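All chains should be built: construct the whole structure from the sequences, respecting the hints.
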Amino acid sequence: MIDFVQNTVDGMMFGSSYALLAIGFTIIFGVMRRINLSFGATIMLGAYIGTWLHVHHQVSVWIVALTTLASTVLVGIYVERLCFHAIRRSAVLASMVSSFVIWMQLEEAAIHLLPERTYAFPALFAAVSFELGPFLFRAEQTSMLVLAMIMVGALHVLLYRTRFGLALRAVSENPLAAAYMGINAAWVTLCAFALVSLMGGVAGYAILSTDAQITPFFGLWATFKGLIAMMLGGMGSLPGAILGGLLLGVVEAHALWYLGNEYKDLSAYLLLFGMLVLRPGGLMGQRILSREALAFRRV
Amino acid sequence: MDDYVVTVLSNIGMISFIALSAYLLLLTGEISFGQQAYFGLSAYAAGAATAMYQMPIWAGIVVGACAAGLVAMVVGALTLQLSGLYFSIATLAFAEMARLILLIVEIQVDVDGEMVGPEGANGFHGIRWMFERDISLTEFMLLIYGLLALTLICLLLVERSRLGSILRMLGSDDLLAEMQGLNTVRYRILAVGMAGVIAGVGGALYAHFTTYVEPQFFNVMLGVHALAYGLIGGLGTAFGPLIGVAIDIGFLEAIRFIQGYRMIVFGGLVAILLIFMPRGILDEERVHRLKAVFSRRNHARA
Chain W
1 MIDFVQNTVD
11 GMMFGSSYAL
21 LAIGFTIIFG
31 VMRRINLSFG
41 ATIMLGAYIG
51 TWLHVHHQVS
61 VWIVALTTLA
71 STVLVGIYVE
81 RLCFHAIRRS
91 AVLASMVSSF
101 VIWMQLEEAA
111 IHLLPERTYA
121 FPALFAAVSF
131 ELGPFLFRAE
141 QTSMLVLAMI
151 MVGALHVLLY
161 RTRFGLALRA
171 VSENPLAAAY
181 MGINAAWVTL
191 CAFALVSLMG
201 GVAGYAILST
211 DAQITPFFGL
221 WATFKGLIAM
231 MLGGMGSLPG
241 AILGGLLLGV
251 VEAHALWYLG
261 NEYKDLSAYL
271 LLFGMLVLRP
281 GGLMGQRILS
291 REALAFRRV
Chain L
1001 MDDYVVTVLS
1011 NIGMISFIAL
1021 SAYLLLLTGE
1031 ISFGQQAYFG
1041 LSAYAAGAAT
1051 AMYQMPIWAG
1061 IVVGACAAGL
1071 VAMVVGALTL
1081 QLSGLYFSIA
1091 TLAFAEMARL
1101 ILLIVEIQVD
1111 VDGEMVGPEG
1121 ANGFHGIRWM
1131 FERDISLTEF
1141 MLLIYGLLAL
1151 TLICLLLVER
1161 SRLGSILRML
1171 GSDDLLAEMQ
1181 GLNTVRYRIL
1191 AVGMAGVIAG
1201 VGGALYAHFT
1211 TYVEPQFFNV
1221 MLGVHALAYG
1231 LIGGLGTAFG
1241 PLIGVAIDIG
1251 FLEAIRFIQG
1261 YRMIVFGGLV
1271 AILLIFMPRG
1281 ILDEERVHRL
1291 KAVFSRRNHA
1301 RA
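First to last, the sequence lines map onto chains W and L. With our numbering applied, the first sequence has no gaps in its numbers, which climb one by one up to 299 at the end. With our numbering applied, the second sequence has no gaps in its numbers, which climb one by one up to 1302 at the end.
Bear in mind the hints are in silico, worked out from the structure with no lab data behind them. These figures come from a predicted structure and were not determined experimentally. Beta carbons: idealized from backbone N, C-alpha and C, even for Gly. It is possible that part of the hints are untrue.
What the hints assert, rightly or not - Restraint ranges, calculated between C-beta atoms of paired labels, are given here: (1) W:P115 with L:T1007: 21 to 31 Å; (2) W:L74 with L:Y1212: 19 to 29 Å; (3) L:V1293 with W:T118: 51 to 61 Å; (4) W:E173 with L:Y1053: 54 to 64 Å; (5) W:R161 with L:E1178: 39 to 49 Å.
Encoded structure:
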């Protein structure tokens, strides 16, 4: 029983990092109705630039953190200009494939920057663990959960209490109508991308400093964990992204404990496939499917 | 031809199958990230048929393709109500599940005092049909291109037929297709199954060409590449994906001298191409115009 609870707690801690990644996906999907496959690689290149400064110029940890955030935003803007802004809105597939080839490009750029397999990644705070009764809490993972909640809270305020948030929601609802209201959709989209990249940078920094290392596999890992967590929670839903991330983390933790390492990822994909077959909208998504939505639009 | 050229050409041929398979689904408007699963499942099934049970190669290819087609139809039936991104992610989840299961599966049988069969993460060794019968790489390449030509002819015939129009109709508006009295469920499962069979033929050939398969080869990257080929080459005709494969593998081989910067150059070029041609080089419009040019020439001659 104690094992079960401890696993659940560990899973939730891991899950909060998945949740942080899923938030990025869900906002981009909400605004653009398109998917950015290079999100993970964007964060990875940003973090690599920060780590490069750390390795070659021994700058302080704060500068590493700021560089990581700033370069993630810049790379994010590059992706937006090339794969989303330049390709017309109806060509959903072209955007996706374009963001995929750019993923490969960013990954190779990162490997050129730091060619070895792993590098140590500096943390802002020293990690402290604390025990509560029979359970062990790792401080950096607890702070990740707190960070995820703060970010969702801030995002909620931004989306529902500011003019920018209103514009963003208008564009995601109906870009043409938003344009008639005098909203510059291209500008709003660019800002949304920069915002999401910033959040991705924060998430990436938190995750990498928990792992204390960075490898070229981070891009793939971040993209898939974020994507799965978003789909589990329901596309375009913020609370869904958090719930999906936590669910994914808990299921993985239990599979790892009770079944073994090779079943960890298998259980995650099985969960996702089962969710899509039985409840395609995810935990918090709309029950209505795009097919029905299409029918309603015609009526 | 030296072995290197033959190997590159054979790879282009075998990868073309998975590109054609992804293309067939793109016609029906569905983006699959999971065609590599059928490629991989068939490679295992066909390898098992010839190496473990001593079947002839044609039987191996049939077994592999049928297994892939059946699994694809089951997955298609399960994901019937999904479309768009939901379908893509469901196929991705399935393909990764299949790959991770192949990493665990260990079934080995005794063949002439040697254990042969899938060995989990170590892969499936000893699919030695080619060596046992002393077949050269060039001969096998001819087999690959023979089957590829056959597949292509079938696809081109399908595209000209009523079935082809129905599939494209499903792609542009499945609700409207249903209004026309079409059984969209049946056609969709048929399309998914056909795509599975095509990927399966490629996988079966792959297993016998390399004599060794491992689950790691059938990862998401293969699937996304297959999808990208159709989009680079063009969605207007079945030749499109082949052009995509030739551009990717041929181009990457040609720019070997800038080793290490290949993806930076290639990724940038494809991204720019997609800006100007969002449905690929040979898109529907260009194919239509080319056809018009050719038919006018024929009229002039007649």
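We went through each hint and held it up to the structure:
1. Range check, W:P115 to L:T1007: about 28 Å between beta-carbon atoms, so the 21 to 31 Å window is met.
2. Under the hint 19 to 29 Å, the C-beta atoms of W:L74 and L:Y1212, about 43 Å apart, miss the expected range.
3. Evaluation of the 51 to 61 Å hint for L:V1293 and W:T118 yields a pass: the beta carbon distance comes to about 56 Å.
4. Look at W:E173 against L:Y1053: about 58 Å separates their beta carbons, and that is inside 54 to 64 Å.
5. Here the CB-CB span from W:R161 to L:E1178 is close to 43 Å, well matched to the stated 39 to 49 Å.
The structure does not agree with numbered hint 2 stated previously, though it agrees with all others.
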